[in-house]
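Q: Each protein sequence line maps, in turn, to chains A and B. Per the numbering used here, the very first residue in the first sequence carries number 34; after that it's consecutive. Per the numbering used here, the very first residue in the second sequence carries number 39; after that it's consecutive.
In case anyone wonders, no lab produced these hints; they're calculated from the structure. Take these hints with a grain of salt, some might be off.
Listed below are the simulated DSBU-like cross-link pairs for lysine-lysine, each with C-alpha atoms no more than 30 Å apart in a straight line [as the list claims (entries may be wrong)]:
hint, chain 1, residue 1, chain 2, residue 2
1, A, Lys262, A, Lys166
2, A, Lys303, B, Lys150
3, B, Lys93, A, Lys277
4, B, Lys52, A, Lys277
5, B, Lys149, A, Lys277
6, B, Lys276, B, Lys245
7, B, Lys176, B, Lys245
8, A, Lys262, B, Lys149
9, B, Lys276, A, Lys277
10, B, Lys149, A, Lys303
11, A, Lys303, A, Lys277
12, B, Lys103, A, Lys277
13, B, Lys103, B, Lys93
Not everything, but these chain A residues come out facing chain B in the computed CB check (under 8 Å) [unchecked claim]:
hint, residue
14, His144
15, Asn148
16, Leu191
17, Val217
18, Ala282
19, Thr312
We put the beta carbon where it would ideally sit given N, CA and C, even for glycine.
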Amino acid sequence: MAVLVDRDTRLCVSGITGREGTFHSLNNRNYGTQVVSGVTPGKGGQDVEGIPVFDTFHRAVEETGANTAMIFVPPRFAADSILEAEDAGIELIVAITEGIPAHDELRVYNHLARNPSVRLVGPNCPGILSPGKANVGIIPASFFKEGNVGVVSRSGTLTYQIGNELAQSGFGNSSIVGIGGDPVPGSSFIDIIELFEADPETELIVLSGEIGGDAEERAADHIAEHVSKPVVAYIAGFTAPPGKTMGHAGAIVSGSAGTAQAKAEALEAKGVRVGRNPTQVAEIAIEVLGARV
Amino acid sequence: MDLLEYQGKQLFSKHGVPVPDGRHATSVDEAVEAAQELGYPVVIKAQVQIGGRGKAGGIKLAKDKAEAREHAEAILGMDIRGLTVHELWVEQASDIAEEYYAAVVFDRGAKKPMAMLSRMGGMDVEAIAEEDPTAMVKLHVDPLLGFQDFHGRRLAFDAGIAPDLIRPVGAMLARLYETFVAEDAMLVEVNPLLVTGSRDVVALDAKVTLDDNALYRHPDSAEFRNVSAENPQERMAKERGLTYVSLDGNIGILGNGAGLVMSTLDVVAQAGGRPANFLDAGGGSKAEAITSAVEVILSNPEVRAVLFNIFGGITRCDEVARGLIEAFAQIEPGVPFVVRLDGTNDVEGRRLLAEANLPNVHTESTMLDAANRVVELAG
């Protein structure tokens, strides 16, 4: 088992004919993901190394039975592409694009919230990897193997860092889910933690958060009330000054709100152990699950 | 992007939010000329992005030309909590009967815009909350529906606004909401929102934060400058398309990925060091970008040592190594470098660095060892 993406994933990539879109689509296919189609308006009828390209999501879904979309188009086209995928009946939309205007994200989020059968992961995220099953996005799969640790993170490279430390300690992953670093993520920590809680393969959940917003604080409350599995957390940005955007559009301490200190304290107050650095996260994981290798 | 008061007021005017008539000035003569045109009394206001301007002496009333000159001279060049005043806003003095507070904020938790109104204006939001938590009325707006008249009425009635002002205050909130959406703002705040002796509702101040990701839709706003808050390294990095935040320490930091760089700053601080900057070289960092980034980091004279923390995903460690070698060929750093390369093509990257045998470059294989080493070298 895994969450969100697996061998049944049938992926359609919006922006497949772009340089990055092509590179990562083929990378995902090489990993074993069923990449069934792509969408680029005006390029319908072409193909990318055998992957058929359609003008619209609706045609791609009709012709290839796509159930998952990956959004790889530039920021100014991304919100529209997400809405089109939803309108075409896609149930899981993974938006990799960084730099989508926050108000566009707000409208997309509130529109998608009215459709209970659709889920958006991202934007500004590295995607989802279920080792041994499917890779949807840009996560470098070679560092990860199958296992029982579920990872949910707002950051890409930090996920690789933590995942790699876990791998070196002998742990593998059920799934790694990047929820993205933007102010309005389609899926929250809570959404993904619920999936891991229900996933029989996942025995430990790693939450990697950062400054800005209150998603970690909300997750802390949720974990205390609804999660039976152990959760280990990491928070980045203790040294971030207030009022400065630290790379991710959503990583900003506003006044006294959204600090790493407050997030770590909220999690610890609810019994979640928080590693002070990525290495310590792996050490706590080992302690919880028992040493491997 | 945080706007200065006068820039925010320009956007307000565009959307029909009433503001006092005013002029922008960057010299004493310009300020006096502006005052003469506007007619006395005028208020001379320092344009810096920081609270407490008035208390610091950055806002002064002038009754005649001599006073206008005197105040403009005093305020221009003044230091307000570390920011030097380079710009003034000269505006017609307002007849203040009451001071309210109004704002539209981007509520990330609720994922909806939130409109706020209080009769207790003129003090900061935290102070209002402390004095009387019920004084701030808040209301979420469905972004797909937009701000309706009833939203304005509800806020105004719930805030206890006088009957004759319910309509104008509601209209003011509707225009602020329009500004918020049309300008892609993350924050639109008016404090104080003024009621004049003749019962007009006017925005006396403007605090506007725009979404950087939406600036492509607002080419005019993208041109707004804030000279007093500009940092030479940040400006240089921006011109080169690098994500850089200036900090007050002496250890230069470069990493790939915002989360990893934030984590690197934390680990360096835990090791007893003080980071000089945040710099995300981005995914897929090519050699050229690395060279460019090194130049930005070293342009800060405080930097005593530099830490490269790379975990290669899309970024290839051999590319980073090539970039560093190239940078050393172009500039002589003069400070020690600690380089941690892990992930994609790390072996090749470390081999390249070893072969190049760069002066005063130390390689480490873990993030913690690298942090300890750089702190030691920075002294």
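Q: None of the hints should be skipped; say for each whether it holds.
A: Verification of the supplied hints:
Distance hint between Lys262 (chain A) and Lys166 (chain A) is fulfilled; the C-alpha atoms sit about 23 Å from each other, no more than 30 Å. With a C-alpha separation of about 27 Å, the suggested pairing of Lys303 (chain A) with Lys150 (chain B) holds against the 30 Å cut-off. For the suggested pair Lys93 (chain B) and Lys277 (chain A), the alpha carbons sit about 25 Å apart, so the restraint of at most 30 Å is met. Our distance criterion of 30 Å between C-alpha atoms is met by Lys52 (chain B) and Lys277 (chain A), whose separation comes to about 28 Å.
A C-alpha spacing of about 21 Å is found between Lys149 (chain B) and Lys277 (chain A), which places the hinted pair at or below 30 Å, so the restraint holds. Of the pairs offered as hints, the one joining Lys276 (chain B) and Lys245 (chain B) holds, with about 23 Å between alpha carbons and a cut-off of 30 Å not exceeded. A threshold of 30 Å between alpha carbons decides the hint, and for Lys176 (chain B) with Lys245 (chain B) the separation of about 18 Å falls inside it, so the pair holds. For the hint linking Lys262 (chain A) to Lys149 (chain B), the alpha-carbon distance of about 28 Å falls within 30 Å, and the restraint holds.
For a cut-off of 30 Å, the pair hint linking Lys276 (chain B) to Lys277 (chain A) stands: about 14 Å separates their Cα positions. Between Lys149 (chain B) and Lys303 (chain A), the direct Cα distance comes to roughly 24 Å. Compliance with the 30 Å bound is thereby established for this hinted pair. Among the hinted pairs, Lys303 (chain A) with Lys277 (chain A) is consistent with the structure: their alpha-carbon atoms are about 29 Å apart, no more than 30 Å. At most 30 Å may separate the alpha-carbon atoms for a hinted pair to count; Lys103 (chain B) and Lys277 (chain A) exceed this at roughly 40 Å.
Between Lys103 (chain B) and Lys93 (chain B) the alpha-carbon distance is near 23 Å, which keeps this suggested pair within the 30 Å criterion. Hint status for His144 (chain A): holds, given a least beta-carbon distance of 6 Å to chain B, under 8 Å. At its closest, the beta carbon of Asn148 (chain A) sits 13 Å from a beta carbon of chain B; the interface hint therefore is violated under the 8 Å criterion. For Leu191 (chain A), the interface hint holds, the least distance from its beta-carbon to any beta-carbon of chain B being 3 Å, beneath 8 Å.
About 6 Å separates the beta-carbon of Val217 (chain A) from the nearest beta-carbon of chain B, less than 8 Å, and the hint is met. Nearest Cβ of chain B to the Cβ of Ala282 (chain A): about 6 Å, under the 8 Å cut. The hint holds. A distance limit of 8 Å between C-beta atoms decides the matter here; for Thr312 (chain A) the minimum to chain B is near 6 Å, and the interface restraint holds.
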